[in-house]
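J.: Residue numbers (the working numbering), protein chains in the order written: chain A, 1 to 261; chain B, 1 to 70; chain C, 1 to 372.
Keep in mind that the hints were calculated from the coordinates and are not lab data. Some clues are possibly wrong.
For each label pair, taking beta carbons as the anchor points, the in silico distance ranges come out as [unchecked claim]:
hint	chain 1	residue 1	chain 2	residue 2	range
1	B	Arg30	A	Asn213	18 to 24 Å
2	C	His133	A	Asp215	35 to 41 Å
3	C	Glu44	A	Ile2	15 to 21 Å
4	A	Ala18	C	His133	20 to 26 Å
5	A	Ala18	C	Pro240	16 to 22 Å
6	B	Ala38	A	Thr3	52 to 58 Å
Since we're looking at a predicted model, the values are computed, not measured. Where a beta carbon is used, it is the ideal one built from N, C-alpha and C, also for glycine.
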Amino acid sequence: MITTNYIKNEYIRRMPSAFCPGCGDGQILNAIARAIDHLKIPRNEIAAVSGIGCSAWIPSPYLRVDSLHTTHGRPIAFATGLKVANPKLKVIVVSGDGDCTGIGGNHLLHAARSNVDITVIMVNNGVYAMTGGQVAPTTEHEYKTVTTPYGNPAFALNVSEVVAAAGASYVARWTTWHMNQLIRSIEKALTKKGFAFIEVLSQCPTYEGRILNMDHIEMLHWFRDKFKTDEKGVFRVGEFVDIEKPELTDELQKIIEKVKQ
Amino acid sequence: MKAAEIKIDKNLCKGCAICIDVCPKNTLERSDEVNEYALFYPRVRDLDSCIVCRLCELYCPDFAIEVVQK
Amino acid sequence: MIDPGEYFLEGDLAAAYGAIKAGCRFFAGYPITPASEITQAMAELLPRVGGKFLQMEDELASISAIIGASWAGLKSMTATSGPGFSLMQENIGYAAMTETPVVVINVQRAGPSIGQATRAAQGDVMQSRFGSHGDYENIVLSPNSVQEMFYFTVKAFNLSERYRGPVILLSDAEVGHMMERLKIPETVEIVNRKIAKTFEEATKYGDDLVPPMGRFGDGLELMVTGSTHRPDGTRDTGSPDVQSSLVTRLVEKINKNRMYIEEWEEMLTEDAEILIIAYGATSRPAKGAVIKAREKGIKAGFLRPKVLWPAPERRMKELAHVKKVILPEMSLRGYSMEIEKMFPGKFIHYPKVTGTVHTVSEIFKKIEEVNS
């Protein structure tokens, strides 16, 4: 029986966490641990890589696996090196929206393009939360953040569409309300070969809450009521891409088999 | 299914009340006691109403609540 | 796979051969003049020995990927020049902070900025030691021939494995692109990192201040982070003791062991009155100038640091009695602060920033001038 204490004792370290009360990061940690448990993946076969931001703490230190906490924006590049060096590892990258699409945007694009077999879980709260609520590439137009006090002059990136266009094998988008769907997507991403990208809209009561003028319960209700699989545009959730295509570590192995002396 | 007990870890709970909100049977409510972080943790309003769906466990961000089945 | 024997090839290629011979099995890089040949050679050689090569989207991705691969247990390397070396600084600091063995080759070109892509310079000497923010120590090697491009790359791997950190092979466009004879021996000395078999092992170190290194996939549940951390990897940025002991150890790790790391070449120093210190491409004409000076009866001596950082300070202190020290180099700053520190009041800087190497007669004329 999958209960709280079973998951906590098997997969979690150092509770209570540093996350704010009501933050979605703890829920995503729970989802990742449950997905790993459902698949019965031996813990020594998993490596977690994270960048900089609140979401980086999800695996480092809270998930009991080998974890690599890297510099801002680079976890996908570190993860590519780790995976290519040891293809037996299941590599999970947990990265915030700023870390992943701002400073790390280039690496996201190219990892999707080369279809390297890693799973990227992008925790999207529409803001740079760790540093105090600055505007992010995923902040909607006209939203007031601490660096757009008169309203955001720019526009939000539709990350899932960009990653799908770049060549990912699996792209899904959920929210922290859609816990079961999220767990199932993580399971699929870990089992599937190729670049898997899961965007999770997650409530940040401390900064996103201030921008939207909602508390975390209201944000969860907003996720529940507004974000649906048959919606269009920014409110759409679901699995967007689920295909089979050649993958980078396989292709590298083919080359080695052909030329190795 | 019935619950024998609903355990709430006062040291881990941050009083976010997501469990109270997500419970389909209104089994939980906010207590008027605080833990050492000065946060109001939940308490069982009506143990008999619990159907052991474990949605509270699924949604808790802090691994602080567990339902013990009868 | 790299058969022993004699070859005639360019410095960049010799470095790639050295890497393969040293056991490098992962390379991630990005094209940049004058280091692209190293990247191209690794692309051809690595798969043939079962290694993995990736051309990444930029230098930031390259240095990141090789650190990731090192934690999977592979000896990994990248190669670049000034503009790329600048981009890599953040993660070179990350490799130092997390004690990750990696080799970074910087084939220096004239800067600043885009500069002269195809011309040599020695302007990155300070950057190779202090390029990243905060306190840490790098080991920096300076080859002056094709043979040394091979041997010093092997040495760079050995030092990075032994002391668990980034080692910079600081070459330049002249040495990287010159073609000379390379002799590859049957075997070379290889040093491998001490692998920690348990989580506990990875948290302890002996007198050498180097803990054994865990490997991802062995089930140790390692915590690696660039944040200030306790010996077990737990992030702890609030404790004064944790920061102090960590940073002190990272610096002491190299300083305390410097007698095993420092390496230099010297000639005619026993009775030298004018000491010529030179490294890299400049050391070749400098040596010739010293021989010429001796022929003219000038008591010149020659000192060539093979390891630039840590500098051969103990030896330089022993030579403090010389009357004058001349440092010819292709930079207005380069190694000058270090040499001036070691020989106060006697130091003469002889920079040349044309993008071309000093000639023997140029350095000889300088020696004559100083001697008079």
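J.: Range hint 20 to 26 Å: satisfied by the CB atoms of Ala18 (chain A) and His133 (chain C)?
T.: holds (25 Å)
J.: Falls inside 16 to 22 Å, the C-beta gap from Ala18 (chain A) to Pro240 (chain C)?
T.: holds (20 Å)
J.: Are Glu44 (chain C) and Ile2 (chain A) spaced within 15 to 21 Å by their CB atoms?
T.: violated (50 Å)
J.: Verify the CB-CB distance for His133 (chain C) and Asp215 (chain A) against the hinted window 35 to 41 Å.
T.: Holds: the Cβ-Cβ distance is about 38 Å, inside 35 to 41 Å.
J.: Regarding Ala38 (chain B) and Thr3 (chain A), is the given constraint of 52 to 58 Å on their beta-carbon distance met?
T.: The hint (52 to 58 Å, Cβ to Cβ) is violated, given that Ala38 (chain B) and Thr3 (chain A) are roughly 28 Å apart.
J.: Is the gap between the beta carbons of Arg30 (chain B) and Asn213 (chain A) within 18 to 24 Å?
T.: Check passed, 22 Å falls within 18 to 24 Å.
Hint violations for this structure: numbers 3 and 6, all remaining hints satisfied.
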